[in-house]
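A.B. asks: Construct the complete structure from the given sequences, taking the supplied hints into account.
Chain by chain, the residues:
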Amino acid sequence: MPLLVDIEKSFGDFCLKVAFEAGRGTLALLGASGCGKSMTLRCIAGIIRPDQGRIVLDGVTLFDSERHIDLPPQERRCGLMFQNYALFPQMTVEQNLLAGARRTPRAERREKVKGMLGLFGLGELRGHYPDQLSGGQQQRVALARMLISAPRLLMLDEPFSALDSHLRFRMEQEVRRVTGAFDGPVLLVSHDRDEVFRMADRIAVVQDGEIDVIGDRHKVFRAPGTRAAAVLTGCKNISSIRRLPGGRALAEDWGVELSLPGPERDDVHFVGIRMHEVRPGDSGENAFVCRVVEVIENSFSFTVMLRPLEAAGENTPIGWELTKETWEGLRAEVVTVSLPPQALLQLTD
Amino acid sequence: MDLYPLYNSLRIAGISTLIIFFVGIGAAYYIARAPRWIKGVLDVVLTLPLVLPPTVVGYLLLRVLGPRRVLGAWFFSAFGLRLTMTWWSAIFATTVVIFPLMYRTARGAFEAFDETLAWSAKTLGLSDTYIFWRVRIPYCRPGILAGTVLAFARALGEYGATSMIAGYTPGRTATISTTVYQLWRTNDDALAFKWVLVNMAISFVVLLAVNMLEQKNRNGKGKNAATRRH
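So the sequences go chain by chain: A and B. Per this note's numbering, the first sequence runs over residues 7 to 355. Per this note's numbering, the second sequence runs over residues 61 to 290.
In short, the hints are calculated from the structure, not lab data. All clues given are correct.
Beta-carbon label-pair distances, calculated as ranges:
1. B:Pro198 x A:Arg132: 14 to 24 Å
2. A:Phe175 x B:Leu102: 45 to 55 Å
3. A:Asp76 x B:Pro198: 28 to 38 Å
4. B:Phe264 x A:Gln179: 56 to 66 Å
5. A:Gln58 x B:Phe136: 52 to 62 Å
6. B:Arg96 x A:Glu14: 24 to 34 Å
7. A:Asp76 x B:Ala94: 16 to 26 Å
8. B:Gly168 x A:Arg112: 33 to 43 Å
9. A:Arg109 x B:Arg96: 33 to 43 Å
Remember, it's a predicted structure, so these values are computed and weren't measured experimentally. Glycine included, each C-beta is placed from N, C-alpha and C at the ideal position.
C.D. replies: Here it is as structure tokens:
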């Protein structure tokens, strides 16, 4: 694999301890803010020095605490685009790109900058200063400036968080065009699961400074494996469970008995179900008659909060997301729903 | 009207501002990145001349540079140079007095610098020297310029420490401020008033320049729009 990372870094009482490999294609680090995903990128770029470990890119050792190797950021050829794009405010668009092109021989710089300006549709903006540009234009300049520095690795730190939502979708397409054509590993840091799913081939879920789960994006969303990964991939219904005989379990937060699919696993302590996987009607297994506690209208769907009638006491309601048409046809105080066993996520701590 | 005091004041202020420009920026740059406690101690020591009475600064300078003191005596024996009572002796006084002005404004500018600019520049392969002169200094330019102008203005008006270390010799160590005092003392009110007007005119222009620079700092291309949002 072109990129190998295995580092540790303590920061007060926070401890970062990540190990992963990445080849061509996009690997997303998904995690809540403060989980250490941005710090990981900065360690790779050489801005933060890890306490120990090893970073190798394309066979070149960038950092190795045992062999006392610590290349300066200038020699690592790791492109890093910051959340705020970090364009040099006193330079025009063209000067920003020229600054990025300083690894290119002097004679070829102008030509290369011209090509890059054309590629990103920035030709007419070449004389503008960063604060005269829109957020999307600033991002394009930042991308162009990073690419022109001929990096072997691209790293994007929350690339869309500074953009208005209507711009995000369009810029996502542009960035996908860049990352898709890039011949090397791409690391993307984000806390937005949808963005991550659209942008990445593989996903690493980062929790409290460690990688919880790493794998193909479909696999990570289908079977997150851990409670943290389920939460970060957007699963809102999660309950702790207690094993009962006969392959059944008591979902303690919901106050109902469930039958779980597959062989019994001792390490599974939680069960989860995505809100849109809850099915109306009695489909056999795990069907419950529920009282409707609350109905929340979203822009294009309804979220209905349900409390099973058989549950005693104050239990956490189960969220059910369904289309507007379905709910409007249904509208009831009491409904029957099923939690299909194959849709139940079995989760470890 | 003999214009020597004007000429002497301008050259003293000019030379000391030039010295303090580099020393102040250097000190500000390193102290802005120093650990907290070092920063705290150095900050107090380096700001002291700003709050001490100029006569105290003058006294301390004479304790070191006076003809029978350590440095003064050594200089005289080594180079045959007296460090006091010459026109350039005043440079010692003004330099010490204006240092905190330059240092503090430059440090404020450096601390407001968005460090992600330097990090991003490094990942692009730009050298530390390039980053300092082409990214950091331009970003901090309005603050640094304001500090320089303010330091120059203060140097021009320095009286207390200057009169102690350089004295008042017409045509040799006389500056505008010492001349005004001398003329007032000898009841030459008309000439004293002329020098007062000269001094006020210069100060007015200088402060106007500072204000215009600060205005530019607020409205102009001082900050990156994307940076401002965070």
